[in-house]
Structures are given as structure tokens and as C-alpha cells.
Amino acid sequence: MTIKPITIVLADDDEDDRLMAQDALDEARLANILHCVEDGEELMDYLHRRGRYTSLHNAPLPGLILLDLNMPRKDGREALKEIKESPILRRIPIVVMTTSKAEEDIYRTYDLGISSFIVKPVAFESLVEIMKALGKYWFQIVALPPASLGE
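Mapping of the sequence shown onto the UniProt record's numbering: position 110 corresponds to residue 110, and the numbering continues sequentially without gaps.
It is worth saying that the hints were derived from the structure and are not from the lab.
Among the clues, some could well be false.
Said to hold, decoys possible - The list that follows gives simulated cross-link-like pairs (lysine-lysine, DSSO-like), each with its CA atoms no further than 27 angstroms apart:
hint: 1; residue 1: K84; residue 2: K120
hint: 2; residue 1: K81; residue 2: K101
hint: 3; residue 1: K84; residue 2: K101
hint: 4; residue 1: K120; residue 2: K136
hint: 5; residue 1: K101; residue 2: K136
Stated by the list, open to error - Pairwise CB distance ranges, derived in the manner of DEER restraints:
hint: 6; residue 1: A133; residue 2: P60; range: 15 to 25 angstroms
hint: 7; residue 1: S116; residue 2: H35; range: 11 to 21 angstroms
hint: 8; residue 1: R108; residue 2: S55; range: 13 to 23 angstroms
hint: 9; residue 1: F124; residue 2: K101; range: 18 to 28 angstroms
hint: 10; residue 1: I88; residue 2: S55; range: 25 to 35 angstroms
hint: 11; residue 1: R29; residue 2: D111; range: 26 to 36 angstroms
Built from N, CA and C at the ideal position, the CB exists for glycine as well.
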């Protein structure tokens with residue numbers, strides 16, 4: 001079976017976490033494109049193809065969003081709510097990857113429509129294992145809706 005690379009968007013304000021996620025994706029030997037944004041405002045600009053992302057207007061939307069909850073400007077909870085309220089964006093699977101272990105965050109994000117909640121591991125090797133599992137699950141096992149074009 002040929003696995004088509006799918007764009008993953010990682011919304012995380014921590015540069016080290018973004019770099020570690022990219023390295024883990026590479027180490028997991030996933031051919032997916034990882035695009036990183038630094039906060040919820042930039043995530044929404046990317047998804048709606050606004051500002052510096054207008055050139056992506058005809059590009060397919062991402063197949064998966066990895067979302068940190070605690071970010072400046074617009075946090076992950078606010079971005080999640082906005083995404084799930086959009087008829088065009090709501091089908092994109094969202095996996096929360098955060099340092100939060102608060103039950104309130106787990107309940108609230110599932111209520112808003114996330115697909116999974118993962119507490120960020122501290123060790124790089126654990127992150128590689130998570131990326132491998134995410135890759136296998138999201139890109140080999142489940143059927144995703146066809147990638148629609150940005151608005």
C-alpha cells in the first residue's frame with residue numbers, strides 16, 4: 001500500500017518542542033510534511049490562508065493538526081473552538097499535544113471535538129514512538145476525508 005504524504009500542522013509556541021517534533025517525525029521515518037505555527041492566531045491564518053499564507057489558497061488543507069493548548073495571543077482552546085465551528089475546517093482531525101495533565105483540559109477539549117489528547121513526553125525517544133504511532137494510525141489505519149482546498 002502506498003502511503004500518500006499528508007501535511008501535519010503543529011501549533012506550538014515553544015521552538016524547542018517544534019524542532020524536537022520535526023526531528024521525531026524524521027526519526028520515525030514519516031514522509032509527512034510538518035508545517036509549524038507559533039500560536040493560535042497564526043494557526044487560524046494558516047488554515048484560512050490569510051496574511052502570509054494567502055499563497056496557499058489552492059493548496060489542500062492539512063490532514064492533521066497537532067495542537068498545544070498553552071500559547072500566546074490565541075491559545076489552543078480558543079483555536080480549537082474556532083476550528084470546530086467552521087464547516088470547512090471541522091473535519092480536520094486534531095490531536096492535542098500539551099504539557100497539561102489537567103482533567104478539565106482533557107474533558108473540555110474532547111467536548112470541543114478533538115480526536116486524541118496526548119501529554120507531551122519529556123524524552124525524545126518517547127516522542128519518536130508517539131510520532132510513529134500517530135503516523136501509523138492516522139496515515140495507514142484510518143480513512144481520512146479527502147483533503148479539501150483552503151477557503
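Next pair to validate is K101 with K136; report whether the Cα-Cα distance is within 27 angstroms.
holds, 25 angstroms
Is the Cα-Cα distance between K84 and K101 27 angstroms or less?
With a Cα-Cα distance of about 22 angstroms, the restraint between K84 and K101 holds, given a limit of 27 angstroms.
Could you check the hint for me, namely that R108 and S55 are 13 to 23 angstroms apart, CB to CB?
At 34 angstroms between Cβs, range violated.
Determine whether the Cβ-Cβ distance between F124 and K101 falls within the hinted range of 18 to 28 angstroms.
holds, 20 angstroms
Should the hint that R29 and D111 are 26 to 36 angstroms apart at their CB atoms be regarded as holding?
holds, 35 angstroms
Holds or violated: are the alpha carbons of K81 and K101 at most 27 angstroms from each other?
Given that 27 angstroms is the threshold and the Cα spacing comes to 20 angstroms, the pair holds.
Verdict for I88, S55 (Cβ pair) under range 25 to 35 angstroms
violated, 18 angstroms
With the threshold set at 27 angstroms, check whether the alpha-carbon distance from K120 to K136 stays at or below it.
holds, 18 angstroms
Just tell me: holds or violated, for the beta carbon distance of A133 and P60 against 15 to 25 angstroms?
holds, 24 angstroms
Beta-carbon spacing of S116 to H35 - inside the hinted bounds 11 to 21 angstroms or not:
The hinted range 11 to 21 angstroms holds for S116 and H35, with Cβ atoms some 19 angstroms apart.
Pair hint K84 and K120, alpha-carbon separation not exceeding 27 angstroms
Measuring from Cα to Cα gives roughly 23 angstroms; hence the hint holds.
In this structure, the earlier hints numbered 8, 10 are contradicted, and the remaining ones agree with it.
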